[in-house]
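A.B. asks: As you go down the protein sequences, you meet chains S and R in turn.
Here the numbering used here is used: the first residue of the first sequence is 1, the next is one more, and so on.
Here the numbering used here is used: the first residue of the second sequence is 1001, the next is one more, and so on.
Think of the hints as simulated: they come from the structure by calculation, not from any bench.
Ideal Cβ placement from N, Cα and C applies to all residues, glycine included.
Among the hints, a few may not be true.
Stated by the list, open to error - Listed next, the stretches of chain R that the computed footprint assigns to chain S, with coverage defined by at least 3 CB atoms under 8 Å from CB atoms of chain S:
{"#": "1", "stretch": "1137-1150"}
{"#": "2", "stretch": "1159-1166"}
{"#": "3", "stretch": "1172-1184"}
Stated by the list, open to error - Chain S is nowhere near these chain R residues, computed Cβ spacing over 10 Å in every case:
{"#": "4", "residue": "N1010"}
{"#": "5", "residue": "F1037"}
{"#": "6", "residue": "H1065"}
{"#": "7", "residue": "E1104"}
{"#": "8", "residue": "M1109"}
{"#": "9", "residue": "G1127"}
{"#": "10", "residue": "K1156"}
{"#": "11", "residue": "R1188"}
{"#": "12", "residue": "I1215"}
{"#": "13", "residue": "I1238"}
{"#": "14", "residue": "N1239"}
{"#": "15", "residue": "M1240"}
Number of protein chains: 2
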Amino acid sequence: MTYCVGLRLNEGIVMMSDTRTNAGLDNISVYRKMFVFEEPGDRVITIMTAGSLSITQTVISKLRHEVESVDASPKTSIMLAETMLDVVEIIGQALSDVTASIGEKMKRMDSRQPSAAMIVGGQRRGGDVRLFLIYAEGNFIEATEDTPYFQIGEHKYGKPILDRVVNVETTIEEGRKVVLLSMDSTMRSNLSVGMPLDLVTIRRDSYRIAGRERIEPGDPTFTAMSDAWSRALRDAFINMPG
Amino acid sequence: MTYCVGLRLNEGIVMMSDTRTNAGLDNISVYRKMFVFEEPGDRVITIMTAGSLSITQTVISKLRHEVESVDASPKTSIMLAETMLDVVEIIGQALSDVTASIGEKMKRMDSRQPSAAMIVGGQRRGGDVRLFLIYAEGNFIEATEDTPYFQIGEHKYGKPILDRVVNVETTIEEGRKVVLLSMDSTMRSNLSVGMPLDLVTIRRDSYRIAGRERIEPGDPTFTAMSDAWSRALRDAFINMPG
């Protein structure tokens, strides 16, 4: 399983993913699920993936291939596309193509149809910061003022804290804190989501990554935050009228 | 959907269920999912149900029928069974029989196989307070010191608070508060779980219901608790080092 969450705030974007993948409970690995494409000062694009690794790896490889191709054009390369909308169109089309192609192979073997979903956030000079959720079929929706966040993968455990805390006025620093707590709640309740974590922040109108961290198991700051949150929750609980 | 949660504490048992059922999003109804069987001073049994209403209603009707039958025996009536284990055996058998019978009808129509799960808590004079989770197949497990709670239905949103707060030392009053907050988190994030709520408490070695409430929509105490918890969470979040 996987948990990825992205916030689209007035100040910019916060995106976080775990790195655990599993094919059964006895086959657990670490794979990066967050991919950054950046030309500082011009554009920054971050993609997070959930679902079949055979799909998501192929999509990312295809996107990289098109970016590096000598024939790269605004229609094929997310680093040349004119708007974030065009970027997401290219990614959505790649996801649809790869899913259909792998689905054909599966059908020949009567296997289950695999699928994947993605969250794409970023900003292109001249455009706004935008955050998209791409469905398994390749179509997509965009985060709005009313619903400024997206989750993919194992989303339920970490949703209550987002619902209570996040709105577009949330700062990047607060956003970083809330996605870490949302991830913490998820990892406590579901073994298939696990460390290390990847976290990226993008400030509006900077067209570059503001912060990029990998948080390893046993990270002292994360552990302290997790413990402090548990204590704060328990204290709040004890002091609350029943 | 449904959300039911039961705690087995040193002081006794706390059980809570919502009442919303839906056949599609446009067909929502209120059905009781909590059923109490009590002979004060001798035994108290509370059953909570999740899953196909056609199964759970039939199981409860069968159990009632056997209790009231002139041929009632410790092998057939949960009000005569000698231990809580025997009680759960009877309920599990009824669940298995009804599910198999309805499953046959479904198979003839190529329809999806329905299923249901149950939480059973209570105490029989001479025995301990016990809490069981009955799976769709009729087999069951019992709550222990290490894992003193069970959830059925839409369990993920409300699990983080339980994981952080509940242990066997939790008092009945605290347990009541935590199941209400767990339900509150679930209802905020999932429309298919809804008011009114049924809540029952059983104190160890009393062999009777200690408290039984139905919490209606707009209940001022519940609303105040829900708001206080949101405020407490936001305050804890704001004051936490990031």
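A.B. asks: Where does the structure disagree with the numbered hints, that is, which hint numbers, in rising order?
C.D. replies: Violated hints (numbers, rising): 1, 10, 11, 13, 14 and 15; every other hint is consistent with the structure.
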